[in-house]
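**Student:** Starting from the known structure of chain E, fit chain C onto it as the hints suggest.
Same order as they appear, the protein sequences are chains E and C. Each residue of the first sequence is one higher than the one before, counting from 1 in the working numbering. Each residue of the second sequence is one higher than the one before, counting from 1 in the working numbering.
Each hint should be verified, as a subset may be incorrect.
What the hints assert, rightly or not - A short list of chain C residues far from chain E (calculated; beta carbon distances all over 10 angstroms):
no., residue
1, 2
2, 30
3, 33
4, 34
5, 107
6, 115
7, 131
8, 197
9, 214
10, 248
11, 278
12, 280
13, 281
Unchecked claim - Quick look at which bits of chain C chain E covers, simulated, 3 or more residues with Cβ under 8 angstroms:
no., segment
14, 8 to 16
15, 71 to 77
16, 117 to 125
17, 154 to 161
18, 203 to 212
Derived from the structure by calculation, the hints contain no laboratory data. Just so it is clear, CB atoms sit at the ideal spot from N, CA and C, and this is done for glycine as well.
Take a look at the letters that make up each chain.
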Amino acid sequence: MKVRFWGVRGSIPVPGPSTNRYGGNTSCVEVRPRGGWPIIIDAGTGIRRLGQTLMDERFGDGSGTAHILISHTHWDHIQGMPFFSPLYRAGNRVNVFARQRGDTHLQAVFASQTEDPYFPVPLTALKASIEFHELVEGNRFEIDGTMVTCTRLNHPWIAMAYRLDCDGASVVYCSDTAPFTDLLLEHEFIKTPPSVGAPLPPTVAKQLATMRASLVALCKGADLLIYDTQFTVDEYQLRPHWGHSTPDDAIAIAREAGVKTLCLFHHAPLRTDDAQDAILLAARWTARQHGCAFDVIAAYEGMSITLGDDDGVGPGGRPGVAP
Amino acid sequence: MKLRFWGVRGSIPAPGPDTNRYGGNTSCVSVTTARGELVILDMGTGLMHLGNHLLTTPFGKGQGQATILLSHAHWDHIQGLGFFAPVFIPGNRFVLRGHGRSSSMLEGILEGQMNPNFSPLYTLKNLGAAFDVRAVVPGVPFTVADGVQVTARPNPHGTTTALAFRLEEAGRSFVYASDAGYPAEGPSPEMLELYRGADALLHDTTYTPADQADRQARGFSSYEQAADAAIAAGARRLIAFHYDQDYTDADVDALTVGCRAYLDGHGGAAIELVAAAEGNQLEI
Numbered sequence: 001m002k003v004r005f006w007g008v009r010g011s012i013p014v015p016g017p018s019t020n021r022y023g024g025n026t027s028c029v030e031v032r033p034r035g036g037w038p039i040i041i042d043a044g045t046g047i048r049r050l051g052q053t054l055m056d057e058r059f060g061d062g063s064g065t066a067h068i069l070i071s072h073t074h075w076d077h078i079q080g081m082p083f084f085s086p087l088y089r090a091g092n093r094v095n096v097f098a099r100q101r102g103d104t105h106l107q108a109v110f111a112s113q114t115e116d117p118y119f120p121v122p123l124t125a126l127k128a129s130i131e132f133h134e135l136v137e138g139n140r141f142e143i144d145g146t147m148v149t150c151t152r153l154n155h156p157w158i159a160m161a162y163r164l165d166c167d168g169a170s171v172v173y174c175s176d177t178a179p180f181t182d183l184l185l186e187h188e189f190i191k192t193p194p195s196v197g198a199p200l201p202p203t204v205a206k207q208l209a210t211m212r213a214s215l216v217a218l219c220k221g222a223d224l225l226i227y228d229t230q231f232t233v234d235e236y237q238l239r240p241h242w243g244h245s246t247p248d249d250a251i252a253i254a255r256e257a258g259v260k261t262l263c264l265f266h267h268a269p270l271r272t273d274d275a276q277d278a279i280l281l282a283a284r285w286t287a288r289q290h291g292c293a294f295d296v297i298a299a300y301e302g303m304s305i306t307l308g309d310d311d312g313v314g315p316g317g318r319p320g321v322a323p
Numbered sequence: 001m002k003l004r005f006w007g008v009r010g011s012i013p014a015p016g017p018d019t020n021r022y023g024g025n026t027s028c029v030s031v032t033t034a035r036g037e038l039v040i041l042d043m044g045t046g047l048m049h050l051g052n053h054l055l056t057t058p059f060g061k062g063q064g065q066a067t068i069l070l071s072h073a074h075w076d077h078i079q080g081l082g083f084f085a086p087v088f089i090p091g092n093r094f095v096l097r098g099h100g101r102s103s104s105m106l107e108g109i110l111e112g113q114m115n116p117n118f119s120p121l122y123t124l125k126n127l128g129a130a131f132d133v134r135a136v137v138p139g140v141p142f143t144v145a146d147g148v149q150v151t152a153r154p155n156p157h158g159t160t161t162a163l164a165f166r167l168e169e170a171g172r173s174f175v176y177a178s179d180a181g182y183p184a185e186g187p188s189p190e191m192l193e194l195y196r197g198a199d200a201l202l203h204d205t206t207y208t209p210a211d212q213a214d215r216q217a218r219g220f221s222s223y224e225q226a227a228d229a230a231i232a233a234g235a236r237r238l239i240a241f242h243y244d245q246d247y248t249d250a251d252v253d254a255l256t257v258g259c260r261a262y263l264d265g266h267g268g269a270a271i272e273l274v275a276a277a278e279g280n281q282l283e284i
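This is chain C alone, in the form it adopts within the complex:
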């Protein structure tokens, strides 16, 4: 699996010279499987740039297909969909898997952002590409992209929940756990099982511990909570992700240094730490 980061920011895009290095686009990560299939995690504004990149591939000719895994429907995780160029090209096919009490309710949520009060697109059905929207059942594995096994489970996230996804291919595992607001006791045993032994655990590190303590109700993790989860689950690599919109590149540098020191001091010295930055790629 090859990862590429298209958007690493939380809540709202943060343009400006202060965010050039890590990037200001909201959440979007692509995974290219060993067979060259595409899996997309979340549809923040980074999705627009992934889409433009895909125009030189079969997606540009209406011959592409991809799976989109949606953690939850907060704006910063869906706002790139209407700007994702491949959806306007007939012939492209997308399977979207996310949280919903039913598949039709999940589709209705995506329709909501196309409402004519908000968007000239009006409805998903006006997009040229075909969409197959399906709600996932937590804990029940399913297969996507010709051989990648995916398991999803919900994390608490403020007033709602956000799905974390574990992707496994040929004995390698990648976990995407953005937007996680744990109770005081930390992640549930089921979540730790989902994270267990991951070759890479991408985890919400929205805040420093001090900022997180001030804003607990928002349902995000500090880098210490992310590190604790990585240590408890025995992850090999921790990917810091979903930085607060007000954090400058220097703030994220400091967050990374703090996270490294915390890992080293709490039994996680062997865990490799990577701070996600727009445009960076990572082989698992």
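Isolated chain E, as found in the complex:
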């Protein structure tokens, strides 16, 4: 399979010269099983360019099928959806998968994204055939020979991590999540940041430990782990309630799960390319200090990685440091 990054940024798109190398588009990753239809994870602004390239394939004549796995519906993970060209061509089929709380249907959430007065084209006017599939953590299902599994993350409201297994390889997408030290899950709004390191009630501590163990299990032996590393350690201390991790948190999960490559992802909007280079080098140093066997790379727009036994090659190109 090929894994290609179309948007690697968190929170909000950030155009400008200081993000040219890593890219300023919000989250979107394409997983392309060998000879198969694209499985797209998240629909940040990066999905616009992906959609344009798909129109050069069978999506252009309305005979394409795309699967979109949504980690959660915060803006930076869905704001590219209305600009995904295949949706505007009759005949294309698009399957959208996400978790949703009991009080609203997934389709209603997406419909409200583009209803009047927010966007000129409502969901009902799109020409492609769109199906919404609501998931629950622990679900295990197949998309054209690719096995998809998922677990819950520690982020305000909802977020899911996905594992895709196909072509004898595996990739895990884990964005957005805080470390498992304070419970953010299901919270609609967190007025007062939790006190970092304060003791937790036993039931909460147990719930967090279970959530973390499920994530480690999902990541077990993955060839590639894409992980939310929006924060530095100092930034996390200031904003523990925002639901994002540091490279140290990602390295700890990657070590326990025995992954082969860790990919830093969901870069902070105001992180310049040079600052991101430094974060990557520091993360590699940390991993070496811990004697980790895996590589650490940082996602950049346009990075493409080939995994699996179809050609026997590991990460392609110059993975990790944006050109």
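**Tutor:** Chain C in isolation, oriented as in the chain E frame:
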């Protein structure tokens, strides 16, 4: 009045090396009045960068106040609000004026983007700053920022409308007319009156004439329609704005050259043309 462009792009932010010169952020323009008051036009992603800039001013200490004029509530004109640092600082005060059948409906629209399905902010009321949201009455002048007179009128914009604003201070006038999709006969007489004699007319120039002809239903102007409006209204200066997300810097250069040639060939040779670019400033 001093203008500064924080976002000049239409529809969706367009990051990448191809948009470095004009910028890829969505619509946001600041106007600093002669008395140093701040008026903000639209809240695209450019608003985040304006906000970070304001942190070194009284806004950083919760002592700032500004008027926000909102043309309409399409995403590219409101998506910067949750990332505008001054709104998280208690003490700052914002008066927001925009289109709505009522003030509470306008506030409800802004609340919609904070809905927990989409944002961890949950509600405008969780922002530290105070918001006073008021719907404007088209054609009825009001005063903002200690002495700037504003008149708003709606332009057709695809399936909806977008307000254009005329700001007047000490005999100088600036018109903000983004997202305008005119019928074949062009702007209405009321709109031309709003634009009349403007020292600067900032106008939607999303498309080249060929692209506009292909996408009329989207409700945007070509540079020719913008130039026609500037000529008909006798504007002194035309500011090109709201470029299509797929236009590279070279495309916008070509659009500007085309617009200049069109002005020169249609009685607008005296009109100064400025292509809005992120970070640029302009004195009126």
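**Student:** All hints are to be evaluated individually against the structure, with a verdict given for each.
**Tutor:** Hint by hint, here is what the structure shows:
At the 10 angstroms boundary, the C-beta of residue 2 (chain C) stays outside the reach of chain E, the nearest C-beta of that chain being 22 angstroms off. The beta carbon of residue 30 (chain C) is kept farther than 10 angstroms from every beta carbon of chain E, the shortest such distance being approximately 17 angstroms. Annotated as non-interface, residue 33 (chain C) keeps its C-beta farther than 10 angstroms from every C-beta of chain E; the closest such distance is 28 angstroms. Listed as a non-interface residue, residue 34 (chain C) keeps its Cβ farther than 10 angstroms from every Cβ of chain E; the least gap is roughly 30 angstroms.
Every C-beta of chain E lies more than 10 angstroms from that of residue 107 (chain C), the closest at about 13 angstroms, which supports listing it as non-interface. Against the 10 angstroms criterion, residue 115 (chain C) falls within the reach of chain E, whose nearest CB is about 7 angstroms from its own CB. Listed as outside the interface, residue 131 (chain C) is consistent with that label: its C-beta sits roughly 17 angstroms from the nearest C-beta of chain E, beyond the 10 angstroms cut-off. Chain E leaves residue 197 (chain C) outside its interface by the beta-carbon criterion, the shortest separation being 31 angstroms against a cut-off of 10 angstroms.
Interface exclusion of residue 214 (chain C) from chain E stands, the closest Cβ pair being 14 angstroms apart, more than 10 angstroms. Chain E leaves residue 248 (chain C) outside its interface by the beta-carbon criterion, the shortest separation being 12 angstroms against a cut-off of 10 angstroms. Against chain E, the non-interface label of residue 278 (chain C) is violated: not every CB pair exceeds 10 angstroms, the least being about 8 angstroms. In this structure residue 280 (chain C) is separated from chain E by more than 10 angstroms, as the shortest Cβ-Cβ distance comes to about 14 angstroms.
At the 10 angstroms boundary, the C-beta of residue 281 (chain C) stays outside the reach of chain E, the nearest C-beta of that chain being 17 angstroms off. Coverage of the segment 8 to 16 of chain C by chain E holds. Counting CB-CB distances below 8 angstroms, 7 residues qualify, and the rule asks for three or more. Only when three residues or more bring their CB closer than 8 angstroms to a CB of chain E does the claim for the segment 71 to 77 of chain C stand; here the count is 4, and the claim holds. Beta-carbon proximity to chain E at under 8 angstroms applies to 7 residues in the segment 117 to 125 of chain C; the threshold of 3 is reached and the given coverage holds.
For the segment 154 to 161 of chain C, the stated coverage by chain E is satisfied: 3 residues place a CB nearer than 8 angstroms to a CB of that chain, which reaches the threshold of 3. Check result for the segment 203 to 212 of chain C against chain E: violated, 0 residues qualifying (beta carbon to beta carbon below 8 angstroms, three or more required).
The earlier numbered hints that this structure contradicts are 6, 11, 18.
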